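Student: Chain A is already provided as a structure; the job is to place chain B on it using the hints.
Chain by chain, the residues run as shown.
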Amino acid sequence: MRRFILISVPYAWLLALFLVPFAIVIKISLSDTVIAIPPYAPTLDLAGGWAGIVEFFQGVDFETFEFLTSDDLYWKAYLSSLKIAVIATAITLAVGYPIAYGMTRVAPEWRPTLLMLVILPFWTSFLIRVYAWMGILGQDGLINQALLWLGVIDQPLTILNTPTAVYIGIVYTYLPFMILPIYSALEKLDDSLLEAAEDLGCSRFTAFWLVTWPLSRNGIIAGSFLVFIPTLGEFVIPSLLGGSKTLMIGKVLWEEFFSNRDWPVASAVAVILLLILIIPIILFQRNEQKQREAEG
Amino acid sequence: MRRLSWFNATSLSLGFAFLYLPMIILIIYSFNASKLVTVWAGFSTKWYGELFRNEAFLDAAWVTIRVAIMSSTFATILGTMAAYVLVRAGRFYGRTLFSGMIYAPLVMPEVITGLSLLLLFIGIGLDRGVVTIVLAHTTFSMCYVSVVVSSRLVTFDRSLEEAAQDLGCTPMESFRLVTLPIIAPAVLSGWLLAFTLSLDDLVIASFASGPSSTTLPIKIYSAVRLGVSPEINALSTIMIGIVTIGVVTASIMTKRAAVKQMRDEQAAERAGE
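Taken in order, these protein sequences are the chains called A and B.
Using my numbering, the final residue of the first sequence is 277, and nothing's skipped along the way.
Using my numbering, the final residue of the second sequence is 282, and nothing's skipped along the way.
Keep in mind that the hints were calculated from the coordinates and are not lab data.
Since the structure is predicted, the reported quantities are computational estimates derived from the model, not experimental observations.
No residue lacks a Cβ here, since even glycine has one placed at the ideal position from N, Cα and C.
Among these hints, one or two may not hold up.
As the list claims (entries may be wrong) - Below 30 angstroms or equal to it, Euclidean Cα-Cα: the simulated DSSO-like pairs (lysine-lysine) are:
{"no.": "1", "chain 1": "B", "residue 1": "Lys44", "chain 2": "B", "residue 2": "Lys55"}
{"no.": "2", "chain 1": "A", "residue 1": "Lys226", "chain 2": "A", "residue 2": "Lys271"}
{"no.": "3", "chain 1": "A", "residue 1": "Lys226", "chain 2": "B", "residue 2": "Lys44"}
{"no.": "4", "chain 1": "A", "residue 1": "Lys271", "chain 2": "A", "residue 2": "Lys169"}
{"no.": "5", "chain 1": "A", "residue 1": "Lys169", "chain 2": "A", "residue 2": "Lys8"}
{"no.": "6", "chain 1": "B", "residue 1": "Lys269", "chain 2": "A", "residue 2": "Lys169"}
{"no.": "7", "chain 1": "A", "residue 1": "Lys169", "chain 2": "B", "residue 2": "Lys264"}
{"no.": "8", "chain 1": "A", "residue 1": "Lys226", "chain 2": "A", "residue 2": "Lys64"}
{"no.": "9", "chain 1": "A", "residue 1": "Lys169", "chain 2": "A", "residue 2": "Lys57"}
Claimed, not checked - Computed far set for chain A versus chain B, every beta-carbon distance over 12 angstroms:
{"no.": "10", "residue": "Ile9"}
{"no.": "11", "residue": "Glu44"}
{"no.": "12", "residue": "Trp56"}
{"no.": "13", "residue": "Trp190"}
{"no.": "14", "residue": "Leu191"}
{"no.": "15", "residue": "Ser220"}
{"no.": "16", "residue": "Lys226"}
Said to hold, decoys possible - DEER-style ranges, computed between Cβ atoms:
{"no.": "17", "chain 1": "B", "residue 1": "Gly58", "chain 2": "A", "residue 2": "Pro89", "range": "40 to 48 angstroms"}
{"no.": "18", "chain 1": "A", "residue 1": "Gln272", "chain 2": "B", "residue 2": "Ile133", "range": "36 to 44 angstroms"}
{"no.": "19", "chain 1": "B", "residue 1": "Ala172", "chain 2": "A", "residue 2": "Ala88", "range": "38 to 46 angstroms"}
{"no.": "20", "chain 1": "A", "residue 1": "Ala275", "chain 2": "B", "residue 2": "Thr263", "range": "52 to 60 angstroms"}
{"no.": "21", "chain 1": "A", "residue 1": "Arg198", "chain 2": "B", "residue 2": "Thr105", "range": "50 to 58 angstroms"}
The shape of chain A in the complex, shown without the other chains (with noise of 0.2 angstroms):
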């Protein structure tokens, strides 16, 4: 009895508050907009017993998302939201796996001081990691005022409101990310065995490229992965730094449901956005599943 309960709140719970809405969402997709309280239809009446659900079966069908595939606007925001978190992804890699390696390379007393500084930033507040870069890419902001007081330009260049600015923004927030995996993976790493490598005629490089690269992958693409998850469906970002230029499907998501009041495109832009998320979540997943089975 007290398993059952143990049990059942936390799963009733998660039923309520995680599956339901995601029948509803479904189910809303497959609605049409109409202008009405609540704006689409037909509604499920199951006060109208048997005959309610097969009216409303009757009236639901992919009609917005065949709406979805004919408005450019649509696929181009969810090409272009994959372009930005691979890319970004990719950047992140390159600038976090010196640093994850660097923190391998100092005296051990110091590494949990660094890992700290790492981690700190995951606790402060995200909006506010990202609006600090609004007064500094902005066209007076500080990158502008220290090119052209050094004479380097003598336009102010448009950084903020265009992709680079996602980029950075990107790169600045989701490194911790990229770190951490990266970092624990080489803290394992074996000294000996790049030793060997040299011994054995290697070049640093070469060690470097046939040992510790091929031992920190599992870090290499869980960091990966918990960049580009999240990022493909990031909405502040592209909101506060990408200007009406950058197009991602979060932020069309976002400007559906709030501006345009069209919950069944709102809802069919989730569910293909989903649909999207899947195998790289079920890749991640199974990583994590690797690595804690090579660990047990």
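Tutor: What follows is chain B alone, placed relative to chain A:
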């Protein structure tokens, strides 16, 4: 030999400069006397004064703190239960679905979680306000709590619980007297994580909030959408300050506890000899 080459040193210093400079600049400019963010007009704390006179911000801060305390407490209870179920309950009907529902919210885009919860609240006719934000935050942060707690439970020696029960404890007593003290640090860090997630959240709160329940992130977002504002710089500085003090204190305490444990173990070994 591990060595810190010039390459490692450069990448570390550039990396940490990149991580910290934007926040340091933000903090410096919060003390700027000029309203223009780009012109330095001398040191001043007037934006802090303005901030504390701004009723709307104070109200939003109060809503945010209330929501964060409530949701992180519920999330800790539910998340600890869920972790216990995942690690201890063995097989039961629908286990795969259960663990799926625990891990899915961790990787779900916030816009989707927010949208789906809002549609649920509208569907069941629940008025949007503090209650709906608490429900929403509890749901996604309980998953984080359960991941943190279950990672502690996995490494926990189960024979301790069995010993307590052999010595006459009921399962509830052995949980309270043995399990809980051991997993307490994980439960506490789960609570802190849930609290921070709730304080931070803009997207889900925007979907779940009503006109009477604006949280601080929503307020900040609507203030900065149009550009940089010195009041927000002041607010950000306060928030960064609180977090920094919290994290530094926590890490010093963990380090002290580790040192103490090591000493105790050494003392115990000497006593055993």
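Student: Which hints, by number, does the structure contradict?
Tutor: 2, 5, 9, 10, 15, 20 and 21
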